[in-house]
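**Q** Each chain, letter by letter, is given below.
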Amino acid sequence: MKKTLALVALAAALVAPLSAQAHRAWLAPAYTTLSGNDGWVSFDAGMSNGVFIPDHAAMRLDGLVITAPDGSKAQAEHVNQGQYRSTFDLHLTQPGTYRVSNVGSGFFATYTLNGEQKRWRGAEADYPAALPAGATDAVASRNFSRTETFVTLGEPSVTALAPTGQGIELVPVTHPTDLVVGEAATFKLLKDGQPAADLEVTVARGGTRYRDNPEETTVKTGPDGAFTVTWAEPGLYWLNAAVRTEASGDQLASNASYNGVVEVLP
Amino acid sequence: MRSLPLVLTTAALASAAAPALAADLTVSVELPTIRVASYHRPYVAVWIEREDQTAVRTLAVWYQQTRNSEGDGKDWLKDIRTWWRKGGRAMTLPADGVSGATRAPGRQTLTVPGARLRDLPAGQYNIVVEAARELGGREAVRVPFRWGAANTGRATGATELGAVSVTVSR
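Going down the list, the sequences are from chains D and C.
Quick note: the first sequence uses my numbering, first residue 17, plus one each step.
Quick note: the second sequence uses my numbering, first residue 478, plus one each step.
Bound-form chain D, shown alone (with noise of 0.2 angstroms):
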């Protein structure tokens, strides 16, 4: 009975949804549209309570990659992480889109010693041997997230923002920096190279100290991946959405993450 109920609560804690985190992780820049020769831009990364709002933690930079317009890779510069918030700066010396893009990826496990629901994280090489002796129920996850956000020096381009193929990816039906309010913006989510249907967004705006109303809404992909929202105020907003597959067969479970920001001008 005890490990029955232990099973049913593991599984209901692995079903949890996950945007149901505590806190947001967002990279942020302080633009997204630049003309003339060449730019700068700077960026902004943490994980806080309200979108945008450095209160809580800065985020680890290990996993930054930036794509240039052409395709290469492109270095950030200035990089800090400060107490609530990470900063780097970019210089945009190719016209086109620039994908900035924090990834990150793990391997954990849960398992239950004497009763207890345990968790490990570490090497995929190290597991299941690190494990210590009478775990028992151990389930294995492959965690892959993605944070990132978009800037165009002159025209917007796509180059860039092609899918590598791991985890939650935003490809544009609509170009993530060409977005105006009022204007209805469709974009798809793939996973691991695939569309992902069924998948809640979470779309919410940011500014919400100077406001009652937070003004989050959630669409669902279609079979397509696709997803549609129509602009009612300019600002940054937050893209975020996750999902959990379950093992099946020789593939482990997965949890993937996905957190998007982009600027809609007035």
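If you are wondering where the hints come from, they were derived from the structure by calculation, not from laboratory data.
Treat the hints with caution; some may be incorrect.
Said to hold, decoys possible - In the EDC-like style, the derived pairs of lysine to aspartate or glutamate whose C-alpha atoms are separated by at most 20 angstroms in a straight line are:
(1) C:Lys563 to D:Glu171
(2) C:Lys563 to D:Glu199
(3) C:Lys563 to D:Asp194
(4) C:Lys551 to D:Glu171
(5) D:Lys89 to D:Asp71
(6) D:Lys134 to D:Glu262
(7) C:Lys563 to C:Asp529
(8) C:Lys551 to C:Asp573
(9) C:Lys563 to C:Glu507
(10) D:Lys204 to D:Asp240
(11) C:Lys551 to D:Asp78
(12) D:Lys89 to D:Asp54
(13) D:Lys89 to D:Asp78
(14) C:Lys551 to C:Glu611
(15) D:Lys236 to D:Asp266
Unchecked claim - Pulled from the structure, derived: some chain D residues nowhere near chain C, Cβ distances all over 12 angstroms:
(16) Ala84
(17) Pro111
(18) Ala248
As the list claims (entries may be wrong) - Cβ pair distances, simulated, as ranges:
(19) D:Ser88 to C:Thr586: 44 to 52 angstroms
(20) C:Tyr516 to D:Gln97: 37 to 45 angstroms
(21) D:Val119 to C:Ala640: 35 to 43 angstroms
(22) D:Gln97 to C:Pro590: 25 to 33 angstroms
(23) D:Gln97 to C:Thr586: 53 to 61 angstroms
(24) C:Gln542 to D:Ala46: 22 to 30 angstroms
(25) D:Lys89 to C:Glu547: 26 to 34 angstroms
(26) D:Glu249 to C:Thr543: 30 to 38 angstroms
(27) C:Thr586 to D:Val119: 52 to 60 angstroms
(28) C:Ser515 to D:Thr180: 45 to 53 angstroms
Note that beta-carbon positions come from the ideal geometry of N, C-alpha and C, so glycine has one too.
Given chain D, work out where chain C should sit, using these hints.
**A** Same frame as chain D, now just chain C:
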């Protein structure tokens, strides 16, 4: 009596669907005098758009032509944000006969010679004038006009633009 055929021919030309002898298009823009301590002449773009507000062609863009301690003048073209999105960002600037320096407050006139608009089909259009000012605001004024017949359209801005008039000579 011999001159009659000539008169008839000219009348036939005038009634053609697209003006064979293209008219001149004159846009007059009033840049208001704004008395502030740090006044900067506005960046202004003037373009033709169809009735559905899709852009046809940029007629003029006035911006800082040089580089100074703040940066290159082109760095702030994106602040004329509607123009930038609707066609400005696809242009290579400077562009002959289109781009120029910022203009001072007062009435500024832009005359587009008929030859440059020869391929514009007759019909109903808008002239849009958009102004963005450093340490100031942004405003766009839309003036409907007809291409293919003599007419004048007028509209007035409230803050960054004054009276705008568009005259088609013929």
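**Q** Hint by hint, say whether it matches the structure.
**A** Each hint, compared with the structure:
For the hint pairing C:Lys563 with D:Glu171, the CA-to-CA distance comes to about 11 angstroms; that is within 20 angstroms, so the pair holds. Distance restraint check for C:Lys563 and D:Glu199: the Cα-Cα separation of roughly 14 angstroms lies within the 20 angstroms cut-off, and the hinted pair is therefore satisfied. For the suggested pair C:Lys563 and D:Asp194, the alpha carbons sit about 10 angstroms apart, so the restraint of at most 20 angstroms is met. With a CA separation close to 14 angstroms, the supplied pair C:Lys551 and D:Glu171 stays within the 20 angstroms bound.
For the given pair, D:Lys89 sits about 31 angstroms from D:Asp71 by alpha-carbon distance, which is inconsistent with the 20 angstroms threshold. Taking the CA atoms of D:Lys134 and D:Glu262, the gap is near 19 angstroms; set against the 20 angstroms cutoff, the hint holds. Taken as a hint, the C:Lys563 and C:Asp529 pair is honoured in the structure, with Cα atoms around 12 angstroms apart against an allowance of 20 angstroms. For the given pair, C:Lys551 sits about 16 angstroms from C:Asp573 by alpha-carbon distance, which is consistent with the 20 angstroms threshold.
Using a Cα cut-off of 20 angstroms, the hinted pair C:Lys563 and C:Glu507 is violated, with the two alpha carbons roughly 23 angstroms apart. Taking the CA atoms of D:Lys204 and D:Asp240, the gap is near 7 angstroms; set against the 20 angstroms cutoff, the hint holds. The straight-line distance between the Cα atoms of C:Lys551 and D:Asp78 is roughly 34 angstroms, outside the 20 angstroms bound, and the hint therefore fails. The straight-line distance between the Cα atoms of D:Lys89 and D:Asp54 is roughly 17 angstroms, inside the 20 angstroms bound, and the hint therefore holds.
Simply put, D:Lys89 and D:Asp78 have alpha-carbon atoms about 15 angstroms apart, close enough for the 20 angstroms limit, and the pair holds. Distance hint between C:Lys551 and C:Glu611 is fulfilled; the C-alpha atoms sit about 13 angstroms from each other, no more than 20 angstroms. Our distance criterion of 20 angstroms between C-alpha atoms is broken by D:Lys236 and D:Asp266, whose separation comes to about 29 angstroms. The claim that D:Ala84 lies off the interface holds: its Cβ sits roughly 18 angstroms from the closest Cβ of chain C, which is beyond the 12 angstroms cut-off.
A Cβ of chain C approaches the Cβ of D:Pro111 within 12 angstroms, the least distance being about 9 angstroms, so the stated non-interface status is violated. At the 12 angstroms boundary, the C-beta of D:Ala248 stays outside the reach of chain C, the nearest C-beta of that chain being 18 angstroms off. Roughly 47 angstroms separates the CB atoms of D:Ser88 and C:Thr586, a value that falls within the hinted 44 to 52 angstroms. At about 42 angstroms, the beta-carbon gap between C:Tyr516 and D:Gln97 stays in the expected band of 37 to 45 angstroms.
In this structure the supplied range 35 to 43 angstroms is violated for D:Val119 paired with C:Ala640, their Cβ-Cβ distance being about 54 angstroms. Look at D:Gln97 against C:Pro590: about 59 angstroms separates their beta carbons, and that is not inside 25 to 33 angstroms. Evaluation of the 53 to 61 angstroms hint for D:Gln97 and C:Thr586 yields a pass: the beta carbon distance comes to about 56 angstroms. Restraint check, C:Gln542 to D:Ala46: a C-beta distance of roughly 26 angstroms satisfies the suggested window 22 to 30 angstroms.
Between D:Lys89 and C:Glu547 the C-beta distance comes to about 30 angstroms, which sits within the given range of 26 to 34 angstroms. The beta-carbon spacing between D:Glu249 and C:Thr543, approximately 37 angstroms, falls within the hinted interval of 30 to 38 angstroms. Take C:Thr586 and D:Val119: their Cβ atoms lie about 55 angstroms apart, and the range 52 to 60 angstroms holds. At about 47 angstroms, the CB distance of C:Ser515 to D:Thr180 agrees with the hint of 45 to 53 angstroms.
Figure legend: structure checked against the earlier numbered hints; hints not met, in rising order: 5, 9, 11, 15, 17, 21, 22.
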